[in-house]
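Put together the whole structure using the sequences plus the hints.
Chains as they are written, first to last, in my numbering: chain A, 1 to 142; chain B, 1 to 142; chain C, 1 to 142.
Treat the hints as calculated values from the structure; they're not laboratory data. Remember, it's a predicted structure, so these values are computed and weren't measured experimentally. Hints are not guaranteed to be accurate.
To be verified - Far from chain B, some chain A residues (derived; all Cβ distances over 10 Å): (1) K18; (2) G19; (3) A28; (4) V31; (5) E81; (6) I135.
Claimed, not checked - Computed from the model, here is a short list of chain C residues facing chain B with C-beta under 7 Å: (7) W6; (8) Q8; (9) H47; (10) W80; (11) E81; (12) M90; (13) H93; (14) A94; (15) A97; (16) L98; (17) T101; (18) S102; (19) Q137.
Don't be surprised by glycine CBs; every beta carbon is placed ideally from N, CA and C.
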Amino acid sequence: MSRSHWVQETLVVDTPGKGFTNISARVAAIVAASTIVTGQCLVFVRHTSASLVIQENADPAVLRDLERWLSGLVPEQRAWEHDDEGPDDMPAHARSALTRTSEAIPISARCLALGTWQGLYLWEHRQRPHRRELIVQLSGIT
Amino acid sequence: MSRSHWVQETLVVDTPGKGFTNISARVAAIVAASTIVTGQCLVFVRHTSASLVIQENADPAVLRDLERWLSGLVPEQRAWEHDDEGPDDMPAHARSALTRTSEAIPISARCLALGTWQGLYLWEHRQRPHRRELIVQLSGIT
Amino acid sequence: MSRSHWVQETLVVDTPGKGFTNISARVAAIVAASTIVTGQCLVFVRHTSASLVIQENADPAVLRDLERWLSGLVPEQRAWEHDDEGPDDMPAHARSALTRTSEAIPISARCLALGTWQGLYLWEHRQRPHRRELIVQLSGIT
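Take a look at the structure:
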C-alpha cells in the first residue's frame, strides 16, 4: 500500500551576483532520485536578500527585463536607513519581500509538475556573488 | 486510524482577459469531494503570465482598484526588450513575479480554512482571454 | 516506524497598527510542542489587510525601511474607489497582494529551519491595532 514519504535535502547555489540562476534541473534531480510519485516539492531559501520566482524559461530577455524593472522599482539611490553592507543591502531585502522565500510545486508521475514554459529561479539581489543555502523538502506517496 | 491521503486534480479555468476569476467554489468542491478532514490544499498555476492572490470577496471595487493600481505599477508603455506577444507580454511576467504562482490553504473540518472575507482568485495578466491550467493538490488525514 | 502527523492550531496576534510583529518564537513553540522531526510548517493569515514576510531579524532599521518604502509604493493619497474604511483600507489590500498570505517553512530536527538572520513577521497594513487570526498547520514524520 502507498505510504507518505518525507525527503529533505540541502541545496547550495553559488550565484554570480544580481540576477537569476535556473535551479529547475537540480531540484528535478532530487525529485527523480526519490520514490515519490504524487506529492509536493517545497523549496525554501534561508536568506533575506535572495528569493525565488517561477518564470519563463525560454527567452533570456524576460529575465533581463525583470531584473531591470525590479532595479527601477526598488532603487539603490534612496535614503535607506539600513545600509551597513552598502547601497544594495536594503534594496535586496525589499526585493525579497516582493518575491518569495519559498515555492511549492506539485509532484505528478514522479516529476515536478511545472508548465512547459516555467522554470524555477533563485534570484540573487546583492551585487556581489554569494553562496546561498536552500532546503528542498519533498512529501508524498510512493 | 487516520492515514495520510494525497489527491491531485487538474483545474482548467477560462479567463475573460485581464482581471480576476474567483475560483474558491471550484477548489472548495474538490476539497469537499475528498475525505480529508485536516490538511492542506495547494493550488498551483502552470503559467508565468497569470497568477494567484487571496483577496477580499465582498466589494468588487477592491478588485477593480487592484487591477488599476497594478496596471500603473507595471506599465505597458515601457521599453521592454521582450515584446514577442505584444505590449502586455512582459508586464504579465512582471505582475506574476509580484504575486504568486501557488497558494497553500489549510483544510479544517473538511473545508478550506479561508477567512470570512477571503476569496481565492486567478489573476489573468494578459489582455486577451486565455485557457489556464491549475493543479489542486490536497494532502491530509481522513 | 515513522508515521505522518498533522497538527493544526489557531494563533491569535494583536497588532499595534501598521508595521511588523515577530511571530517566530510563537510558531517555533508550536513546532517544539509537536513530535514532528522532519516536515513542514505552514502559517496562514485569515485576512486580506495583513500579510506575512520572512525578513531580517537583526537590525530593526530593516523593518522601518521596509515600512516606509512600501507606504510609498502603495500611497494612501490615490483615488481609490474602495475606501469604505478610510484611506488606509485599499492600500492594505494592495500591500497584502504584494506580500504573502501564507509562508511554508521546513521543519528539520524538530525545529523551524529558518536561516540565522531570518524571522517570520506578521505585517499589519491597517493604521489601527487589529486582532488577527492565523492558522499554523504542521505536517511531517515523528
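Hints, one by one, checked against the model:
1. K18: holds (15 Å)
2. G19: holds (14 Å)
3. A28: With a cut-off of 10 Å, A28/A remains clear of chain B, as the shortest Cβ separation is near 15 Å.
4. V31: holds (14 Å)
5. E81: holds (24 Å)
6. I135: holds (16 Å)
7. W6: This interface hint holds because 5 Å falls under the 7 Å limit.
8. Q8: holds (6 Å)
9. H47: H47/C check passes; min Cβ-Cβ to chain B is 6 Å, inside 7 Å.
10. W80: holds (5 Å)
11. E81: holds (4 Å)
12. M90: Constraint on M90/C satisfied, holds at 5 Å.
13. H93: H93/C check passes; min Cβ-Cβ to chain B is 6 Å, inside 7 Å.
14. A94: holds (6 Å)
15. A97: Since the shortest Cβ distance to chain B is 5 Å, the answer is holds.
16. L98: holds (6 Å)
17. T101: holds (5 Å)
18. S102: holds (5 Å)
19. Q137: holds (4 Å)
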